[in-house]
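Chemist: Residue numbers (this note's numbering), protein chains in the order written: chain A, 1 to 112; chain B, 1001 to 1113.
Worth double-checking, as some hints may not be accurate.
Negatives, chain A to chain B, calculated, CB over 10 Å [what the hints assert, rightly or not]: (1) Ala2; (2) Thr7; (3) Gln17; (4) Asn28; (5) Gly42; (6) Arg44; (7) Leu45; (8) Glu59; (9) Gly63; (10) Lys71; (11) Asn73; (12) Glu79; (13) Thr86; (14) Arg97; (15) Gly98; (16) Val111.
Derived SDA-like pairs (lysine to any residue); straight-line CA-CA distance at most 25 Å [said to hold, decoys possible]: (17) Lys1005(B) <-> Pro61(A); (18) Lys1068(B) <-> Lys71(A); (19) Lys9(A) <-> Ala1049(B); (20) Lys1005(B) <-> Lys70(A); (21) Lys70(A) <-> Gly3(A); (22) Lys1057(B) <-> Thr100(A); (23) Lys1042(B) <-> Gly58(A); (24) Lys1071(B) <-> Pro61(A); (25) Lys1068(B) <-> Ala1049(B); (26) Lys1071(B) <-> Ala1049(B); (27) Lys57(A) <-> Asn1027(B); (28) Lys71(A) <-> Arg44(A); (29) Lys1042(B) <-> Arg44(A); (30) Lys1058(B) <-> Tyr102(A); (31) Lys70(A) <-> Val60(A); (32) Lys9(A) <-> Trp108(A); (33) Lys1042(B) <-> Asp38(A); (34) Lys1042(B) <-> Gly53(A); (35) Lys1058(B) <-> Val12(A); (36) Lys57(A) <-> Lys1057(B); (37) Lys1042(B) <-> Leu13(A); (38) Lys57(A) <-> Glu79(A); (39) Lys1005(B) <-> Gln37(A); (40) Lys1042(B) <-> Ala2(A).
Since the hints were made in silico from the structure, they are not lab data. Glycine is no exception: its CB is placed at the ideal position from the N, C-alpha and C atoms.
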Amino acid sequence: NAGVTQTPKFRVLKTGQSMTLLCAQDMNHEYMYWYRQDPGMGLRLIHYSVGEGTTAKGEVPDGYNVSRLKKQNFLLGLESAAPSQTSVYFCASSYSRGNTIYFGEGSWLTVV
Amino acid sequence: QQQVKQSPQSLIVQKGGISIINCAYENTAFDYFPWYQQFPGKGPALLIAIRPDVSEKKEGRFTISFNKSAKQFSLHIMDSQPGDSATYFCAAPQTRGGNQFYFGTGTSLTVIP
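Just chain A, with the same shape it has in the complex:
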């Protein structure tokens, strides 16, 4: 049982480049989330989805876009990467609102 899988695990980008982080879950969860983790800041919600075809903004959405075309996948895009987006990104999913949230292993992104 894979749970939540993120790709890639590590990536270095140049300022202005674009990229997409891929997230897949095999638990048939309705809710999916993208968080970023920075030292001293904890986990901050970027965007989330409450079901296939839906997306919503979290606490820190600027500079990111997301798509949920299939229930099991949630994509996070950076259109024009900036050094401030250097972070560890976690995808997560949950069965419904107010239930246990399951995390992926993380994606380390460095923007130079």
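Got chain A sorted already, so can you dock chain B onto it with the hints?
Modeler: For chain B alone, kept in the frame of chain A given last:
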């Protein structure tokens, strides 16, 4: 505005001691309070959780104490072990009026042998 406030930021405990981490919240729409444990290089994983209809929940060496009137909840790790060294996050999901799942800023726990 930080929805869930966690303290301390870091904690050093001797092996066998008690580790205590505290969280406070303001939003009364929260009604599920989990604690997550994260080891270096890994994603956070659920450790223990409580709902506000009880004041305490114990699982092995880990206990959550919940004070609804004070809007506070805490994690107690009894007989702390070096293997407990990790970062701990409290969290609270919105279950009314929204769908966001908020996390505290984390506590880095080091248990000294």
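Chemist: Hint by hint, say whether it matches the structure.
Modeler: Verification of the hints:
With a least CB separation of 13 Å from chain B, Ala2(A) remains clear of the 10 Å interface cut-off, as annotated. Its beta-carbon lying about 14 Å from the closest one in chain B, Thr7(A) satisfies the requirement of being farther than 10 Å from that chain. Listed as outside the interface, Gln17(A) is consistent with that label: its C-beta sits roughly 25 Å from the nearest C-beta of chain B, beyond the 10 Å cut-off. The claim that Asn28(A) is not at the interface with chain B holds, since no C-beta of that chain comes within 10 Å of its own (minimum 18 Å).
Listed as a non-interface residue, Gly42(A) fails to keep its Cβ farther than 10 Å from every Cβ of chain B; the least gap is roughly 4 Å. Annotated as non-interface, Arg44(A) brings its C-beta within 10 Å of a C-beta of chain B; the closest such distance is 8 Å. Look at Leu45(A): its CB is around 6 Å from the nearest CB on chain B, not clear of 10 Å, so calling it non-interface is violated. With a closest Cβ-Cβ approach of about 7 Å to chain B, Glu59(A) is found to fall inside the 10 Å limit, against its non-interface label.
With a minimum CB-CB distance of about 19 Å to chain B, Gly63(A) clears the 10 Å threshold, and the non-interface call stands. No Cβ of chain B approaches the Cβ of Lys71(A) within 10 Å, the least distance being about 16 Å, so the stated non-interface status holds. Interface exclusion of Asn73(A) from chain B stands, the closest Cβ pair being 17 Å apart, more than 10 Å. No Cβ of chain B approaches the Cβ of Glu79(A) within 10 Å, the least distance being about 23 Å, so the stated non-interface status holds.
Annotated as non-interface, Thr86(A) keeps its C-beta farther than 10 Å from every C-beta of chain B; the closest such distance is 17 Å. A cut-off of 10 Å between C-beta atoms contradicts the statement that Arg97(A) is not in contact with chain B; the least separation is 5 Å. Not every CB of chain B is more than 10 Å from the CB of Gly98(A) (nearest about 4 Å), against its label as outside the interface. Residue-level check passed: Val111(A) sits 20 Å from the nearest beta carbon of chain B, beyond 10 Å.
Proposed proximity of Lys1005(B) and Pro61(A) is supported: the alpha carbons are some 21 Å apart, at most 25 Å. Among the hinted pairs, Lys1068(B) with Lys71(A) is inconsistent with the structure: their alpha-carbon atoms are about 36 Å apart, more than 25 Å. Distance restraint check for Lys9(A) and Ala1049(B): the Cα-Cα separation of roughly 29 Å exceeds the 25 Å cut-off, and the hinted pair is therefore not satisfied. The straight-line distance between the Cα atoms of Lys1005(B) and Lys70(A) is roughly 35 Å, outside the 25 Å bound, and the hint therefore fails.
With a C-alpha separation of about 16 Å, the suggested pairing of Lys70(A) with Gly3(A) holds against the 25 Å cut-off. Pair hint Lys1057(B) plus Thr100(A) holds up; C-alpha atoms about 16 Å apart against a cutoff of 25 Å. Simply put, Lys1042(B) and Gly58(A) have alpha-carbon atoms about 22 Å apart, close enough for the 25 Å limit, and the pair holds. Restraint check for Lys1071(B) and Pro61(A): the C-alpha separation of about 28 Å exceeds 25 Å, so the hint is violated.
Taking the CA atoms of Lys1068(B) and Ala1049(B), the gap is near 15 Å; set against the 25 Å cutoff, the hint holds. The hinted pair formed by Lys1071(B) and Ala1049(B) meets the criterion: a straight-line CA distance of about 15 Å does not exceed 25 Å. At most 25 Å may separate the alpha-carbon atoms for a hinted pair to count; Lys57(A) and Asn1027(B) meet this at roughly 19 Å. As the CA atoms of Lys71(A) and Arg44(A) are separated by approximately 23 Å, the hinted pair is consistent with the 25 Å bound.
Proposed proximity of Lys1042(B) and Arg44(A) is supported: the alpha carbons are some 16 Å apart, at most 25 Å. Proposed proximity of Lys1058(B) and Tyr102(A) is supported: the alpha carbons are some 21 Å apart, at most 25 Å. Annotation: proposed proximity of Lys70(A) to Val60(A) holds, straight-line Cα distance about 24 Å (limit 25 Å). Between Lys9(A) and Trp108(A) the alpha-carbon distance is near 6 Å, which keeps this suggested pair within the 25 Å criterion.
Note on Lys1042(B) and Asp38(A): the hinted pairing holds, with a Cα-Cα distance of about 14 Å set against a maximum of 25 Å. In summary, the hint linking Lys1042(B) to Gly53(A) is not supported, as the alpha carbons are separated by about 29 Å, beyond the 25 Å threshold. Taking the CA atoms of Lys1058(B) and Val12(A), the gap is near 43 Å; set against the 25 Å cutoff, the hint is violated. Only pairs whose Cα atoms come within 25 Å are accepted, and Lys57(A) paired with Lys1057(B) is rejected, the gap being roughly 33 Å.
Using a Cα cut-off of 25 Å, the hinted pair Lys1042(B) and Leu13(A) holds, with the two alpha carbons roughly 22 Å apart. At roughly 16 Å between alpha-carbon atoms, Lys57(A) and Glu79(A) fall within 25 Å of each other, so this suggested pair holds. Taking the CA atoms of Lys1005(B) and Gln37(A), the gap is near 16 Å; set against the 25 Å cutoff, the hint holds. Note on Lys1042(B) and Ala2(A): the hinted pairing holds, with a Cα-Cα distance of about 14 Å set against a maximum of 25 Å.
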